[in-house]
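Engineer: What follows is each chain in one-letter form.
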Amino acid sequence: MRLSCCALFIVSLWTVCKAVSSKSTHTNNWAVLVCSSRYWFNYRHVANTLSMYRSVKRLGIPDSNIILMLSDDMACNARNPRPATVFNNENKAINVYGDDVEVDYRGYEVTVENLIRVLTGRLDSSVPRSKRLLTDDRSNILIYMTGHGGNGFLKFQDSQEISNAELAAAFEQMWQKKRYNEILFLIDSCQAASMFKLFYSPNIIASSSSRVGEESLSHHPDTDIGVHIIDRWTYYALEFLEGVSPASQVTMENFASALPSDTPLLSGAIFSLPLLEKRMYDPPLL
Amino acid sequence: MRLHKLPRAMKLASYLESKHFRTAAGLLIKRTRIIGFFLYALATVGFFILPREDISRSSYFDENALMTGLATRQFDDAVTVNRVAMALRDLDQSEAISVIDKELSKIGLEVYQQNFSALLPIALVQQSTPTISGRNIYGILRAPRASTTEALILSAPFHTRDGTSNVYGIATMLSLANYFKTKNYWAKDLVFLFTSEGELGTEAWMDAYLGQQMPGIVASSLQGHSGSIQAVFNLELESPLFDYAEIVVGGTNGILPNLDMVNVVAHLCLVEGIQTTFHSPWSSRPTYQQSLMGMLLFGAHLAPGLPTGNHALFLRHRIDAVTIRGVGKTQQRRGTETQNVIPLGRAMEGIVRSFNNLLETLHHSLYFYLLPSSWRFVSIAFYTPPFGLFLLPLVLEALKQWLVARVPDILLPTQPSSTLGTPNKLPLPFSRLLALLLVSFGSGGFLCYLPALACTHLGHITLTWLVAGLLCICGVSVLVPLLLGFTVMDYEWRIMKCFKLLLLVIMLAAFAVLNFPLAVCLALCLSLPCTITQPSGLSSKHTHWLSQISLLLSSPPMWVLYFCALYTFSLSAPSADLNDVIVDSITMAMTGVAMAYNAWHLLGCWLYWAMCLCVWPLWMMAWSLSCHQLVCSPKEEGCGPSKEALQSEGLDEGDQKGLRHSKDLQVFEGSPSPTSHMAS
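These protein sequence lines are chains P and Y, in that order. Mapped onto this note's numbering, the consecutive letters of the first sequence carry residue numbers 346 to 631. Mapped onto this note's numbering, the consecutive letters of the second sequence carry residue numbers 28 to 707.
Derived list of chain P stretches under chain Y, where covered just means 3 residues or more per stretch with a C-beta under 8 Å from a C-beta of chain Y: (1) 382–391; (2) 411–424; (3) 565–572.
Pairs of lysine to aspartate or glutamate residues, derived as EDC-like cross-links and limited to a Cα-Cα distance of at most 20 Å, are as follows: (4) K500/P with E387/Y; (5) K208/Y with D128/Y; (6) K210/Y with D569/P; (7) K542/P with E506/P; (8) K437/P with E587/P; (9) K476/P with E447/P; (10) K208/Y with D569/P; (11) K500/P with E559/P; (12) K476/P with D445/P; (13) K210/Y with D103/Y; (14) K500/P with D89/Y.
These aren't lab readings, by the way, just hints derived from the structure by calculation. Virtual Cβ for every residue (Gly too), placed ideally from N, Cα, C.
Input sequences plus hints: build the corresponding full structure.
Structural biologist: Below is the structure:
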């Protein structure tokens, strides 16, 4: 796999760090895509996750390197007027629940415990390889999470919560066990910026759809299916990704500037700069 | 000994003998009426500010899963509506049922029928026979890809509440059934129910569905069944052209559906251009007076607790239900017959689709509220405090009577009690209290259960016999204390009055939770009589006769008559003959009593039971108390409890002096300079 096909994951630092970051130090790419809600009225979260899955696969990460966690109760829901489909746009141009979607953790398997176990690698020996994150110290990982959240937590399937402290601790465990080279952490939920507030491990870039105290809103409803079909941040992120191909040389800076400002996003998308030299500074870019 | 190490009784006694307590008690006893009046004024102001824009809150959707109005609504089948309406016009019930049966089968639903008959305990004047029989018909649209665990009921009765034929309501439901059958997104079964004989048919169907059995209704069991009922929507259209859609929410016994359900209906009607109303035609941006009127009418419809529509019966089982009624006829006929019906049909489509989205029963929004208009509500947190203020004077009056009955203990601080630190025990007149309870609740019991006894022996009884019988029992209950003329001591009647007032407060508080508008009505009717009654001997004979007559005029039967008179008067033309109005109101009162009784036996309303066994006994207690005669004036010597009574309580001679009423009682009856007596 060409290194440049993962140009998306190349860190773009400001003037001081540019020299350090222009060389990429990873050899493989992984993705962990988590949709933490279930039930019909959270259709858009499943559409978000499946759209990211589709983009990530199209850009070259194979199913063996993707962990997809979904409640998977949309396509065959009795309320779905288009059975066996999940759309991410009112124009219904793409059925993101196509023929080649491999869901690794589905239904009630999407729990906080399973996510932490996947990230830290502490899985029972009976768990199959397709459900493991088999990363090493040269892996760049994209972690995308979406669902309902609040200040410092993300709600899992209406019965559990994962806190930002837990996530930060999981990432530190990964660093200590040399399970990643760099992590790109994307989160689309309400008050999403609170989720990366406590990160203290190096080499993590985080991007959220809203600041603490703000809500992330959906982009548009589908009046035929009768649900909100995609969230705003993910919609604009996908717009950017649709223009990216394995050959393009886009950088994180491009990604950051592609996400629009408070209007039309209606919330503040924040980027945290990577913590390469153990410096922690977090100016909001937008 | 440090004060905080004393046992509680001793601490209480030391407080009761303290100067602070004496001042407070003196203030209370002297100024009860004024404090009470002030509290009543505050409560009234509290009630009247409730409908204001800054106090009542704007309605909002609490359950996000509803996603109301998100899906487009495409129902547009005027052809079917007209065709079915034409077919059903001027048919009698059995022919109409066969037409509906054919239609439902043609659509492809499972069709079932149910026979029922009901024996009315009290035959109303208009009927010829006391037995009413009828037939219900219903069709089930099974959810295409879900198991039959939940159901939504879409109901249209054969006749609207006013007795007119509900042809267009049935036609709309049938064409909606035809339209819904083509859709594949139903997660719950839809049951299209067509009932006859008003609430009786719905009760018969509901009882058979839920496995209950009301005595008096005999119904065949249902052959077709679905899952647990999530919501019920009832549609009544007198004519295809209507000005407003009235959303009727009140249930039996004052139970209300979840506010989210009301909001869904109101929102979808608004979006489809239909104006909604709750008992009054002002709903979009009403003024304060309109909001107040709306709130009062809402309360007035809820207070009796009798069913206001077919939906009301389901609410008794905590199933959210609502009736949508087309009211008002446009003066000019413009456009097509179905120009109002189709938007309403689309609103129904949106409503049912919203409820289809739900995964759990509604549990977020309020169940206790008052609705001044379609889009504002007053929650229980706001309307309970004024009611509490209204009850406070009763508690204060009870406290005052208790204190006055125990005045000597308060007045003589130098008199130590026989056992150190415990307050003197006053012998409670248990026998008198028991007699009071027995007479009051006994007569209430007779009022409540004698008609049933008569029914079992005679089969059924007519309205006139019922009313005559009830009035007889009332008359006898009123005469008995008057003729017996019990004598009573001063402290005894005060304790009886205190007991009665506390019972009243408990009863009103209990009703406030069950049916708030009813509690307010009862509080208005019973507070004053219970507060100001006293036995003869305390005031002049003239005043006492006057108070007794006013007590008779404010008895529960008279209040029923007054409310009916008010209602008839407000509805009658200004030029109507006064005699006619009076006759009308009496007839209405009589019919109301019969309806309440029938509703108790057939539909599960407890209004009749509550009036007989809660309201009437309390009034009887006040009446009995006013019929007692004071055996001696408190100012006389030797007016305390008898020696035997004292010895039975274990008190000795020394205490007797303390317990005897002294002329210091005058202090609390309004004579000047109380402080000189209490400075010791």
